[in-house]
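Q: Listed below are the residues making up each chain.
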Amino acid sequence: MTNSTGKPPIRSRDRDTILQALSAGVVPRLGLQHIQVGRINEVMAAVKDLDRIADEGGAFRVVIGPYGAGKTFFLNLVRSIALEKRLVTVHADLAPERRLYASGGEARALYQEAVRNMATRTKPEGGALQAIVERFINDATQAATAAKEAPEAVIKQRLEGLKDLNRGYDFIDVLSAFCKGHSEGNDQLKSDAIRWLRGEFTTKTDAKKALGVREFVDDTSVYDHLKLLAAFVQIAGYKGLLVVFDEMVNLYKLQHAQSRNQNYEQILRVLNDVLQGDVKGLGIYLGGTPEFLMDTRRGLYSYAALQSRLSENQFGGEGRVDFSGPVLRLANLTAADMQVLLENVRHVFATGNPEAYLVPDEAIRSFMAHCDRNIGAAYFQTPRNSVRAFVQLLSTLEQNPSVGWSDLIDKTTVEKETAPAEGEADDELTSIRL
Amino acid sequence: MGTWLIIAGIGCVAWWLSQRRKPTPSQTQSFTHAQLEQVPPPRQMLPLTDPGIFSREERGKSKVRWISPGEQVQIAGVKINGGLVYVGSVANNWDYQYRRQTAHIINPALSAAAFAGDVTAASMSYWPHYGEISPAARRAYLQWHATGRRDPRFGIGHIFLFFYGLEHRLFVEKSLSDARVIEQEVRELVAVYGSNQSFRGYARKFLAAVHVLKFEGPISPELSSDLLQTYELPADFRLGLSRRLNDGRISGDWLLAWYLQSPEKSLRTPAKRCFEEFKSLFLLRFAAQYPTGLRVKKSVKKLKIEYQLASGAGTVDLPTNSDDLSEPGGLTAPIKVAAALAAECCEALDNYSRFVGKYPTIVKGVGARMLLPDELKTALSEHAGYDDVKQAIESLLQHEVQPVSLSYLLQLAGLDFEKAGRTSSANGVQLIELLEHMHVGLEPDVRFGMKLPGKESDVVIFRLRGGVQESIKSTHLIAARILVDISVFASSIEGNDVQAGLQSALSEISRFPNLTRDEYMRVFAYFVYLSKAGNKSANWQRLASRPAQERERIAHVALCALTADGRLEAQEIRFAEKLYETLGLPKQRLYSDLHARTGDEPQTIKEADPHTGSVPIPPKPVAYNSKKLPTARDNEDKDRKASKASGPVFVDKELLERTRRDTADVQQLLNQIYSVPEEDTEAEEPSVRPDVAQQFHGLDRGHESILALFLEHGGSIGRSLFESETSRLGLFAAGALDRINEWSFGHFEEPLIEDGEQMFVAPHLITQLKQMQAGT
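If you read the sequences in order, they're chains L and V. Every letter in the first sequence is one number past the one before it in the working numbering, and letter 172, counting from 1, is 172. Every letter in the second sequence is one number past the one before it in the working numbering, and letter 463, counting from 1, is 463.
Don't take each hint at face value.
Simulated pairs of lysine to any residue, SDA-like, Cα-Cα distance not exceeding 25 angstroms [stated by the list, open to error]: (1) L:Lys85 <-> V:Leu669; (2) L:Lys85 <-> V:Ala762; (3) V:Lys578 <-> L:Arg260; (4) V:Lys653 <-> L:Ser366; (5) V:Lys587 <-> L:Ser308; (6) L:Lys180 <-> V:Ala762; (7) L:Lys48 <-> V:Ala762; (8) L:Lys411 <-> L:Pro401.
Pulled a few chain L residues facing chain V out of the computed Cβ check, cut under 10 angstroms [unchecked claim]: (9) Leu77; (10) Lys85; (11) Ala150; (12) Ala153.
Keep in mind that the hints were calculated from the coordinates and are not lab data. Here the structure is a predicted model, which means the values were calculated and not measured. Glycine is no exception: its CB is placed at the ideal position from the N, C-alpha and C atoms.
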């Protein structure tokens, strides 16, 4: 096994997380590096992006891959690397009720979902907003104490940079209100401030009444608030903010051309900001299917301004591949990818110890042949069910050492997985894609 | 009253003339060869006024004398050298029969004008008589003889007057001694005065009768366009045909000659305009249909051949020399057969005939011959100029496939007659068929519905091994051409790299299965042509009707051409969308297919060689590997069957190794990221109490005391205690926890405190923490 040597051992915590996730058919939260197969160029491109974000730069990527190509896995991997690089991440899947731009609260819902999923290295599972705010205030308070200044003054001084941003004043006021609530023991005020930051206020009146601010996170200001968050997390000691929006195909599915174009306009705005260097410490990753990008009637290419910016490098081709363009294409998985993936899973199962492998190479090939017989080429193109079955197979073998692998393989049931048809609401399922 | 009298007078004259032209049966003389010698001389001769032309012995014996060829005679002072005339006196008898029998006799006693003879014979009547014509006409007649009888200025009356004498000599006097000279004389007269239809007709009958007299029925009929003007069977032909009918069968040339001279013939323009081709085709088709000849049932009517004297002196029965000959004139069955065959041949010659009619000046070109029916093309290589054209084409074909100027080809083929603009499809077919005859193909081939470009543009010629045997209706060929159409069109879409697209398409087309060598060359030539000319439109309608597998292949090749440059522009995608829609393929699959072709590393199909201007001939086509098509859901069943048949699942070893290498690289990269401790920026932040030594480097005093609290409680405390401690320290609980865990990542590469109602430090880190606390 070429990949069985020279690898660091796998922590049991990572092992358990990976195996639990895989057996449930979802992407693991941790230890993705242990099962990542190939895609070195794509990963390097992402790492460069993250380094640029950490270096007060910006990044914008549209990750394109067909159903089962591993978009969500890749985006999770990028998020995981971002956390490791001390970036804060927010992520959400787009859905009919969650869009970039809307008038009925759908954009705010997207913001809510994203901020709810805000993660740091210490809170990778999400819900890190309060911890970040509190940590910022802790640090400011301690600095104020050391400097014998009022904490509020230090906080306002540190947040001074936010004033340059749209809605920055309100943001500062809300953070001040949180601080005030803490110092006054007013939990309600603290709670309102956090609710405001999470985008849970729905009217100006409520915001004014609760926090004394005139604005709130509404459908039109989602991107402004993401920029504010990016600036804030940098002030709070993090390197920057990575925003990941998956299932962008939901925009493609919007039947109403005007609302579709308004959403694409938002994407154009983000793209322009990033390309023109107007954002600092903010990266946007969008995940979508090829039709979302290429459909000239309803996809991103239907929006001429986006099409020209997203089209491939004209010097690409003829053996040259440009990974610096805004579009990162994920190729379909191959049988070879599948085999290496299963080898990695086996490696993880054995906690990185090749001597503890439960099955030999032959069993992996045999398992692939079994999948191939049952579901055809889909077994490697959309490998979720195959991998799940393989993990279950290994679990069974681990618990029943007396059973031979060859007996179990034939009894393993692998279900065929099909791509959701156009128009089918699949937002709930997409979040557990491998 | 006067008018009525004039009309009545004219009527009488007309009746009298008609009576003169139609000899009554009673006037007809019938005699055989044996009788010819016994015909009595004219009943009454007048004495000669100039006895000098008779010899001493002849004087008193005969009043009329035949002047032999070469014998000289002088009449009214005019010397006649050629002979072949009767000289003598004619009685003053007004009997019509007698007058007609003696019309040709030159009476030296009659006066002739001294000057200004009636050369044009205007003063002569329809039935001239030497004794009755004017002195001026006599003078002209004698002059005509004196000038050698070939002067075309003389009117036909003079010739007829002379002709009557020749008839009389052969058919009335039955003297065959001068027959050869007379026949030659008539032939030469026809050559000079044949433009006169009347004379030509009489002369032809005369010659035919001479043949009969000489027992010379034609051995094989002479097939010339002159026969088209004939509406009765000549005497010699009837004799010859009758003899052939005794054999029971007749050949094609006899049938055609029979039909051509039959009064019942009905021939369309092609037969007249292209008589030689018509004749050849008729004979070829007759031979094909009746290899042993056409069986003809004889008529019961005996053959009887008569010669009607042009002088109006009556008819003469000619000897047939056999009693068992039947009359062919009344037979209808062979004429029907010939009529059907002639109509068929006319139809086959329609195109050629129209071409000849339209461009009479260039009909001699080899190209025009291509409009002839297939039977006549076989002899094309014998056509003058064929070898020149072939040689020129050979010199053009430096490579197997060669672009050449269309106008040059048209010139070679003799088809360059349109002043400007496009060449018509019909002429295109002519050119293409001529080239095919020389084992050379041409693209664009109009037979596939293509249009020839402007004359100044290039077309592509290529060498054919199989020649004209190549089938242009091959379904594989049609499919391959569609593939070329679409791929070249796709390559030229705005935004695409044309060269890359064409190379990719060429590579795909070279894998097209089931094409013969010639078909492949044709496809390749078509590709070269379209690549040069540019394909600006696609025939979308015909795509939908192609079989499913073919539509898949079309889509695949088009996508290869579109994505060969590794880029995708909106125009290219729009084209692909339209193509998929037309092909009836699921549109959703298009994007996956496009993605599959652009997502992976592009493969260089063929390195571009800047030194060669032309595209090299690709290798011999190999069987098309359908597995190279993008995997579609439709194909899954097939793929599954294939993998079942092949046993264990196939994984490309090279790909597997590459994947493993990439995986090792990416894991190494990720391990570096996940294992390198972050630079601890917080370490520089001032502690709450800087005078106290730090237990946990990088944490301030407040957070240190929280950690110390955990260690005091064995690594685990309740959340309420944690919150009260942070509150006491003036810290937010969540912020403090985040700070400690962040610090832990820098030291232990993992979070330290697990959150929950009961909060605890990771057990395996407690020892290390205690060591840090102890300062060891």
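Q: Hint by hint, note whether the structure agrees.
A: Hint by hint, here is what the structure shows:
Between the alpha carbons of Lys85 of chain L and Leu669 of chain V the distance comes to roughly 13 angstroms, so the proposed pair stays at or under 25 angstroms and holds. Taking the CA atoms of Lys85 of chain L and Ala762 of chain V, the gap is near 23 angstroms; set against the 25 angstroms cutoff, the hint holds. Of the pairs offered as hints, the one joining Lys578 of chain V and Arg260 of chain L holds, with about 22 angstroms between alpha carbons and a cut-off of 25 angstroms not exceeded. Proposed proximity of Lys653 of chain V and Ser366 of chain L is supported: the alpha carbons are some 16 angstroms apart, at most 25 angstroms.
Distance hint between Lys587 of chain V and Ser308 of chain L is fulfilled; the C-alpha atoms sit about 23 angstroms from each other, no more than 25 angstroms. A threshold of 25 angstroms between alpha carbons decides the hint, and for Lys180 of chain L with Ala762 of chain V the separation of about 34 angstroms lies outside it, so the pair is violated. Of the supplied pair hints, the one linking Lys48 of chain L and Ala762 of chain V is violated, its CA atoms being roughly 33 angstroms apart against a limit of 25 angstroms. About 17 angstroms separates the Cα atoms of Lys411 of chain L and Pro401 of chain L, which keeps this hinted pair within 25 angstroms; it holds.
Because the smallest distance between the Cβ of Leu77 of chain L and any Cβ of chain V comes to about 8 angstroms, under 10 angstroms, the interface hint for this residue holds. Given hint, Lys85 of chain L at the interface with chain V, holds; its Cβ is 7 angstroms from that chain's nearest Cβ, closer than 10 angstroms. A hinted interface residue such as Ala150 of chain L counts as satisfied when its beta carbon comes closer than 10 angstroms to some beta carbon of chain V; here the least separation is about 13 angstroms, so the hint is violated. With its C-beta approaching chain V no nearer than about 16 angstroms, Ala153 of chain L sits outside the 10 angstroms limit, and its interface hint is violated.
Checked against the numbered hints given earlier, the structure breaks hints 6, 7, 11, 12 and satisfies all the rest.
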